[in-house]
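Engineer: On the provided structure of chain A, position chains B, C, D and E with the ligands as indicated by the hints.
Here are the chains, one letter per residue:
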Amino acid sequence: EAAPKKDFNIAWTIYVGWMPWAYAADAGIVKKWADKYGITIDVTQINDYVESINQYTAGKFDGVTLTNMDALTIPAAGGVDTTAVIIGDFSNGNDGIVSKTAKTPAELKGQSINLVELSVSHYLLARALETAGLAEKDVKVVNTSDADMVAAFKSADVTTVVTWNPLLAEVEAEPGANKVFNSSQIPGEIIDMLGVNSETLKDNPDFGKALVGIWYETLALIADPGEKGKEVRAELGKLSGTDLAGYDAQLAATKMFFTPAEAVAFTKSAALPKTMDLVSSFSFEHGLLGDGAKSKDAVGMAFPGGVTLGSPDNVKLRFDDSFMAMAADGKL
Amino acid sequence: MRRAMNIVPGPGARVLLAMLPFALLVFIYILGSAERRAVNPDDKLLPPISEMASTITRMATEPDRRTGTLVLWADTGASLQRLGLGLGFATLTGLVIGLALGMLPLVRAGFAPLVAVLSMIPPMALLPILFIVFGLGELSKVVLIVIGIAPFLVRDLAMSVGAIPIEQMVKAQTLGASTWQTVLRVALPQAMPRLLEALRLSIGPAFLFLISAEAIAAENGLGYRIFLVRRYLAMDVIIPYVAWITLLAYVLDLALAKIARGAFPWAYVGERR
Amino acid sequence: MRRAMNIVPGPGARVLLAMLPFALLVFIYILGSAERRAVNPDDKLLPPISEMASTITRMATEPDRRTGTLVLWADTGASLQRLGLGLGFATLTGLVIGLALGMLPLVRAGFAPLVAVLSMIPPMALLPILFIVFGLGELSKVVLIVIGIAPFLVRDLAMSVGAIPIEQMVKAQTLGASTWQTVLRVALPQAMPRLLEALRLSIGPAFLFLISAEAIAAENGLGYRIFLVRRYLAMDVIIPYVAWITLLAYVLDLALAKIARGAFPWAYVGERR
Amino acid sequence: MSAIKVRDVWVEYGDQIVLESVNIDIASGAFVSVVGPSGCGKSTFLRMVLGQDRPTRGTLTLDGAPLPAEPGPDRGVVFQRYSVFPHLTVLGNVLASYEFAESPFLAKLFGARRRSALEKAKLLVDGVGLGPHANKYPSALSGGQQQRLAIAQALAKEPKVLLLDEPFGALDPGTRTQMHQLIKPLWREHGMTVIMVTHDLKEAFGLGTRLIALDKKRIDPQEPNRFGAHITYDLDLTRDGPVPVLGFSRPLDGGPSATSSSVRDGADLSARSNP
Amino acid sequence: MSAIKVRDVWVEYGDQIVLESVNIDIASGAFVSVVGPSGCGKSTFLRMVLGQDRPTRGTLTLDGAPLPAEPGPDRGVVFQRYSVFPHLTVLGNVLASYEFAESPFLAKLFGARRRSALEKAKLLVDGVGLGPHANKYPSALSGGQQQRLAIAQALAKEPKVLLLDEPFGALDPGTRTQMHQLIKPLWREHGMTVIMVTHDLKEAFGLGTRLIALDKKRIDPQEPNRFGAHITYDLDLTRDGPVPVLGFSRPLDGGPSATSSSVRDGADLSARSNP
Ligand SMILES: Nc1ncnc2c1ncn2[C@@H]1O[C@H](COP(=O)(O)OP(=O)(O)OP(=O)(O)O)[C@@H](O)[C@H]1O
Ligand SMILES: Nc1ncnc2c1ncn2[C@@H]1O[C@H](COP(=O)(O)OP(=O)(O)OP(=O)(O)O)[C@@H](O)[C@H]1O
Ligand SMILES: [Mg+2]
Ligand SMILES: [Mg+2]
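Chains as they are written, first to last, in our numbering: chain A, 1148 to 1479; chain B, 164 to 436; chain C, 164 to 436; chain D, 16 to 290; chain E, 16 to 290.
In short, the hints are calculated from the structure, not lab data. Careful, some of the hints might be misleading.
Unchecked claim - Across the chosen pairs, the derived CB separations fall in these ranges: (1) B:F252 to C:P174: 34 to 40 Å; (2) E:E134 to D:W25: 35 to 41 Å; (3) C:P226 to A:E1346: 52 to 58 Å; (4) B:A216 to A:G1477: 52 to 58 Å; (5) B:G425 to C:A176: 41 to 47 Å.
Stated by the list, open to error - With a straight-line cut-off of 27 Å between C-alpha atoms, the simulated DSSO-like cross-links for lysine-lysine are: (6) D:K232 to E:K137; (7) D:K232 to B:K421; (8) E:K172 to D:K232.
Note that the Cβ used here is the ideal one computed from N, Cα and C, for glycine as well.
If we strip away everything but chain A, and leave its shape as in the complex, we get:
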């Protein structure tokens, strides 16, 4: 097996729930924890989210920030055994459906809807349609790049979009835009996390410990209600192209697990396997699990306490609370 590594790379992309990595790298928190365990960790920002996951899947990075659904469909389905070491937050209004015409999911019937196909937006739409007793074939989906979503909504021929923050806030601010549905109506289903190559993690537990250490020290600073926290959040806002108010607004629509205990509780909850079951159904229906997949159980998932989902012989996605638990217990 691989000899213990000393140098690690993780990639992150600009998104409200992942911004702490930027601050951690800038403020020296990453270096501090890496030094503590005698390793080095490079934190690289990638502008294109999908590309960052692709690069991780191809082996260029040891870890990457991603959502639960993308973790299942890209690295896990691609044979790269991935462990979620940090469950950072879930979207609680950060993703939403906005329409110029419809006011409720039921009114979406027959509409042409612009969204990033096969992303969490697509999943959100599917869940929204379900609540109204509709199916995806009742609407017309137009794949639209996230970078151009705001501009697209300004175009006269676009009536409905599904997107996430900060784009969502921009779109909602358009005159005549109605909020049709958002992720707070399916809490806990769209999860943002840090995925790490399971094999690397197994061989180098110190890597996991350092990551968790970095994360919660940074979160504590951000959560600070005082001036210090404001300063940190203002900087993160600027980094993501907005300001303090903009960043706070995005944070408000996110259920951040500021303490490790919260995250551990969420990871251990029975709701998580249920959520992942929904996600894998969606993924299978849309062919995201690959051609080889004969059923939605093709890719196996493991949860704390020995719970598994799907093929137990092919577990490629693991939700692991052990490192977060160490942080909660102050054992780092």
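Structural biologist: Positioned in the frame of chain A, the structure of chains B, C, D and E with the ligands alone reads:
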């Protein structure tokens, strides 16, 4: 021993030589793919050729579950239509403006700087404005192709019209030709072969803009599919699609080359190929 | 009444004529901006010029709090460095391969089809592989530019070398020139002006590829900034940035034109501009 | 009517003075042969009469009116370096002359008008001996064939003024005589004014009604480009009389009659051996 | 030594037969003038000796060995259409001849070697009368000046075989004589074999030691391209004797002595009026 520049391979050797580098590339790919598969049997980055073949065969022959169409052909049809429209309008623009710039000093003075500046604007960066003006439908895709390649065609054509020897322009005038007649019978026909050559050089960029446009907003098309499946790193779709695009572009290129040589034999008599 | 093709504006009229379309464009923009603002005072799509000016002045003069750099200049520096490297390597590639293709029938037989095919591959679609092979650092950005424009340069150069009259090649040989000497003293110098012209035509595409590369992975650069603020539709940053890129590209274009005319006066004696 | 007046014309290229104070009146219907050493400015002079270039100083008038500063169908030309259209066949090149005039919009003729123009064009192409090559593109023609094509093209317009720059330079004596026989009647019938640059003195004397020689009057060995050429000899060939020796820049002592007779001999030679 | 043997050479362009069974032995050191009607294949013949084109049938040998099928420094050429390098100045064009030989890698000379080559080049440039234009680019030269530059360039190599395609066609008689005087001693001293295409019979007789005429032997009026040209006359000009009349394709009845004397006259004319 002859000089290297005088050694011309025979037709047989030519075909062999042309195949060689391709064979080498395929060989390298097969090696790379096998190596990655040895490490991770589910590796998606460099799927073996057999896997790509079966995927693409499926896309070409089995109707899609969601839409009921044969995905490969539906995508190809949609893309080629956009490409054709884009190339067509761009050629027309290039021809009209290029000839005007090349022939009329007044027009050149007024518009050459504008065209030079416009050709430098990265169209992708101004997409929001394009969307507002042209909507999100087929039109904006065609427009993106036109905006992307027309400035090149215009400038190239103006250049080649400018390079026609002044003696010929003078000669035409002594034969009684008006400006319009000179354009029509002297500049245009001599610019045509170069226009076709420029068009050949534009096929690559045109596909690039097409794919970019389809990546931004579309329901079908080759670029749409590539960017859609990029979401799960389905290189077994992407690589055959890219190869298919390349083949289409290459065939188009070859066809244009043949057309140019057939229609304008005088322009290729000195050709040393 | 003179023929339109013979009416050449004087230097003064030329400057005026050149300004006219730009003035018109600015005027249309101001109108459009005012109209949108009248409907929606918060409109972001077409900010008034004053707003863009103040934004860009801030970016150019106030140091960024986090990094302490002047954002505009830091972005410009990073981008220009990548662009310069990319253009440089592409030119070198174009020169070497283009000359070989144009001069040596054997090389042409072996590699012309390969180059033609390579030039048709949309590089953007294979970005994942590029990034894997060349890493996510500066290298892959430079490589994307090179891959994007080198095939054009190669083909264009091969074409222009092929267009040198055969009499000159024969003449060089009767003067005792070897293949290498013919390349060095006959083909290369005559291809140089055309290479510079091709390079001018490549500046636009080079910026395009640069921006695309920076949009995917970078921490600074003009393209990075545009894509960063794009999700907020901050056109008050995007439009000045695009204008700035266009200006940079235009100046580069002009500089190349001047260099070509200075260094190769013989190539432009017949120029009717 | 097509009388040309040239008044005090100078042409300079940067530092180099090419033509210096050229003055000449050319009567309508004249056939002027222009001779002079290589590089003295003969082609430059023709370009000016053509309206392609403008003199640095001085004026040119055609029938009293200032010479149009652009080429036109009233002045035909055969350039020194063949300037036929490379994208048209031999026949197409000649046909174009008719098409420009008769089809203002498309510059293409169809049906009966095309047939009649084609006939005229074919006659001319046969006249210059290119009948067997009528459908070739210029690139497949020999040097002399290209020159003959240019001649046919210029003659098709029957211009008032015809400017010829070494039109027969690349032709063998036989073909050359054929060309003389083609051009002479046309000139006579249409009363064209012809200005022909040639290096062949036999030809100059044999065809011309007037002969002018261009040459530098002074040469400054330090600065050879300092002085331009002007008209050093101007002979009326229609009158009988002694003819001076033409030894550019270095007049000789040789008797005028001797030279003249040998020139006549030369002219005879070409006429005799190619009837 | 540089004797050329041509054996049963045919050249065809598609349907058109240009040369038909050409046979000739050219002795080393000969000066062969080639005459013939325009378009008969003179340039084609030179291109073949040069190694630029290959005959459809037949063989060419140089000193007994098959003629190298590519151009080389042993065979210099002045093309009918000027082929100087447009990107080099007049001096640079001539200098290149030396640089190719003396600097195999860079094809550029520096320092003392450059100075000595420059001197030789300057002598030649002055020799063809382009001294005042030494730093011009070819595009700023007159037609005759370009031709002279091409001559200087070819002479610089002192090749064993020199192929000239109407080298003096665009030159006035004076300059032409100067060129004759430049080339003759070089030919004699170096024992070059010269093949010169010309349309000027005076020149052909005056310079050559041998004169060959190319012409079609038969003409099929229905299919003018059916028959090619071959050698119709082959005269040794070093021997005294009667000279036949050269009336291409249509031999005349005129007495040989009359023609010969008038040709001699013509040759004398140019010599006399340009000492
Ligand atoms: N564009 C130019 N720039 C500089 N000098 C030029 C230019 N064009 C012509 N000349 C010079 O002007 C002079 C006259 O040229 P021109 O072509 O009129 O000569 P010419 O009498 O026709 O000679 P030839 O008999 O050789 O054709 C030459 O010395 C030539 O070098
Ligand atoms: N590439 C070609 N394709 C077809 N025919 C050609 C080609 N090149 C030359 N020819 C023909 O071959 C014949 C001989 O041409 P060549 O140039 O040898 O004539 P030439 O004797 O040098 O005539 P000139 O005295 O006019 O220069 C001509 O009839 C010409 O039309
Ligand atoms: Mg001239
Ligand atoms: Mg010839």
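Engineer: Decide, hint by hint, whether the structure agrees.
Structural biologist: Against the structure, the hints come out as follows:
In this structure the supplied range 34 to 40 Å holds for B:F252 paired with C:P174, their Cβ-Cβ distance being about 35 Å. For the pair E:E134 and D:W25, the supplied restraint of 35 to 41 Å holds, since their beta-carbon distance comes to about 36 Å. One distance hint, 52 to 58 Å for the beta-carbon pair C:P226 and A:E1346, is violated here, with the actual separation near 44 Å. The hinted window of 52 to 58 Å between B:A216 and A:G1477 holds, with their beta carbons roughly 56 Å apart.
Under the hint 41 to 47 Å, the C-beta atoms of B:G425 and C:A176, about 44 Å apart, fit the expected range. With a CA separation close to 26 Å, the supplied pair D:K232 and E:K137 stays within the 27 Å bound. Distance check on the hinted pair: D:K232 and B:K421 sit about 58 Å apart at the alpha-carbon level, beyond 27 Å; violated. Between E:K172 and D:K232 the alpha-carbon distance is near 36 Å, which puts this suggested pair outside the 27 Å criterion.
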